Amino acid sequence: MRTPILAALLSLVGLPALACETFTIGNLMIEHAWSRATIGAERPGVLYVEITNTGSADDALVGIATPVAGMPMLHETVVTDGVASMPHAMSVPVPAGQTVALAPGGYHGMLMGLTTTLKEGEGFPVTLTFRDAGEVTVPVEVLSMRAEGPDCEHAGQ
Amino acid sequence: MRTRRAVILGLGGVAGALAFTLGLGAWRSRGTAPATDPRLPLPIAEMDFTLTDQRGATVRPSDWIGRPTMIFFGFTFCPDVCPTTLSDISGWLEDLGPEADRLNVTLISVDPERDTPAVLSDYLANFDPRITGLTGPLAEVERAAAGFRAWFEKVPRDGDYTVNHTAGVFLFHPDGRFASIIDYHEDRRFAVPKIRRTIS
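So the sequences go chain by chain: Y and E.
Everything in the first sequence is counted per the UniProt record's numbering, starting at 1 for the first residue and increasing by one.
Everything in the second sequence is counted per the UniProt record's numbering, starting at 1 for the first residue and increasing by one.
Only chain Y is shown next, with the shape it has when bound in the complex:
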């Protein structure tokens, strides 16, 4: 069951600016889901995404799942006294009326146990689980290893 879905989503290759579409679940808006290309499947991949809570109640991102990684988890890069460490994040708060970004150098999804090499220009689905809003599956766009985020202005959105 998993493989056909994965194949279907991977075939979205070439679809322009996947990361620039907006997805909603309840009062949450999900945008800019992107990842970086990996060399092979031994190294962990990364997931970045922006979540806007337009509602009046706080929520939290409590889990991520994707067919491309056996062990996806939420991490936060913390730089203390100049030393970077990457503790697990049990959840990422999404306070009412705010936008929270999983972005380079902060919260990020760490995709351990990749089942495939993440190639630039391809995509894969990720299911985000929120404490209150529930689950939503969004497509993630794989950008170059050097990317710092999707260029949605050029995509005309």
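For the record, the hints were derived by calculation from the structure and aren't laboratory data.
Check the hints yourself; a few may be wrong.
Said to hold, decoys possible - Output of the computed footprint for chain Y on chain E, the stretches with three or more beta carbons under 8 angstroms from beta carbons of chain Y:
no., segment
1, 81 to 88
2, 116 to 127
3, 160 to 168
The structure displayed is predicted, hence computed values, not measured ones.
Where is the CB? At the ideal position from N, CA and C, for every residue including glycine.
Fit chain E to the known structure of chain Y by using the hints.
Below, chain E without anything else, positioned relative to chain Y:
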């Protein structure tokens, strides 16, 4: 002959006196202000380690003297900080243009176990070609880190491991004196002028 000997003895005496004065100075200053701040990197000329670059060439810190130098620590299995730092640096180098050609830009791997020269070569191919990667025996990486007053630690994680490490970028003048540190993810509006000051 005798005169020359006297001169040599004289010089020896002067050198001895100087050494004594310097020694006394160092002894005196121990309680007050140390000559070099132990938190700051040593001058490159005082560092001592031998590592291998991604092309298999041996690199010692003395090879860097004469060029402005930019050093940072990282590893290729790190999904967030390291690509971000490398991507930032590639952007800085592009902003600097040909000015950055004489800059020595080097990543020292804190994960020499997995980062062989071949692995570094594959990884660095994704970034600015002016970036060199170094790896080698753990003891040599530790000696390198000590010289920069940098810190790293292998941390077991979910049956695997990650490495916590100093995330800043170290800048040195061409003569090897320490210039400044660019903090992790520092805005390029601040980073690029800092580098430019070190180059010129």
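Okay, the hints, checked on the actual structure:
no.	hint	result
1	81 to 88	holds (count 5)
2	116 to 127	holds (count 4)
3	160 to 168	holds (count 7)
Hint compliance for this structure: no hint is broken.
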